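Listed here are the chains, written in short residue letters.
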Amino acid sequence: MKKIILLLALAFSAFLSHAQNAVTLKAGDAAPDFKLKNVDNKEVSFGTFKDAKGYIVVFTCNTCPYAIGYEQRIIDLDKKFKSQGYPVIAINPNDPEASTADTFAKMQDLAKDKKYSFPYLFDPGQKITDEYGAKRTPHIFIVSKTAKGNVVEYVGAIDNDPEGNNPQKIKYAEDVIASLKIGQKPAITQTKEIGCTVKRKAKA
Amino acid sequence: MKIKPFFYIFLFGIISVSAYSQNVKLININQLNERIKNGKDSTYVVNFWATWCAPCIKELPHFEKLGAEHKSEKLAVLLVSLDFKSKLESNVIPFVKRKNLKNEVFLLNESSPQEFIDRIDPSWSGSIPATLFIKGDKRKFVESEFTYEQLLTEYKKL
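Chains as they are written, first to last, in full-length UniProt numbering: chain Z, 1 to 204; chain D, 1 to 158.
Treat the hints with caution; some may be incorrect.
[Claimed, not checked] Below, in silico cross-link-like pairs of lysine-lysine (DSSO-like), each with a Cα-Cα straight-line distance of 30 Å or less:
id: 1; chain 1: Z; residue 1: Lys201; chain 2: D; residue 2: Lys71
id: 2; chain 1: D; residue 1: Lys85; chain 2: Z; residue 2: Lys114
id: 3; chain 1: D; residue 1: Lys71; chain 2: D; residue 2: Lys156
Honestly, the hints are just simulated from the structure, not real lab data. A quick note: this is a predicted structure, and the numbers were derived from the prediction, not measured.
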């Protein structure tokens, strides 16, 4: 009898650990720093950008159709905002064994092909992914550098137009940075978006 | 002799009805709620998926099996695709035909994810696969992939 209960408890906790992921950070939370390997083999952290006022941290990947759909918009965000003090830092949250097109070598290929002007970081063990509680690709976290450290200002989507055909789209990310630049808190701090789940190794 | 044309018309009718059953209808959240409220079944399992979502495609057979094996228990399995509307003819309908899906298939006709995700369930982050279980007043939302056993367990718990 005890054995059965133990087995059931084990099965239940295995199910829970599969279903339950880390809690997603929200506006006001401290943004954890990281030190991850970029596609150029150099390590990148927040400190890499000494003059930054903040950061656009994007969890994105090689494979997800939504991430691919947003790729050009991510490139454009960096083009527009790096010079204004808000560089893009992309992190691939997928496990390369679970998603074989998301290996470090394939990330290097993509970054080279598309001439990424921003770092594209590999997250071994999905540690940073879980610290931020990134749930899908793409999932963005806009961070500001304050006297009290790095603070999350916005979590969610880049805009409300995943298909990229709505001229009336709301550009959430751009609006957030526009507010931060004039020293205000953004009006919208959290949005939702459809996307691919973060790919994880199957649990035994 | 005279019956023959009618027979063919009849046959044609049957074929077109069965072909229609493999069609994919556009549905918005209000229509989905109506479909569930006014449907004659007592349990609804609504799976949100897309042709581009690999884990969704992997678990679709489980939903087909659940629907087929528990039809007599007044269960309706609704497969709601989150593919872009522009992919309906090019991707979704061919996919449904190729996989010979028997459950009802819809394509979500909503444009603002920011709004519709919360209307399905406030706990939903927006990743798929995700599944909504409804039985009477009971609603349960699960944002993860299922094995057949896990799906069956959730269904039986309702």
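Against the structure, the hints:
no.	hint	result
1	Z:Lys201 with D:Lys71	violated, 34 Å
2	D:Lys85 with Z:Lys114	holds, 27 Å
3	D:Lys71 with D:Lys156	holds, 14 Å
Checked against the numbered hints given earlier, the structure breaks only hint 1 and satisfies all the rest.
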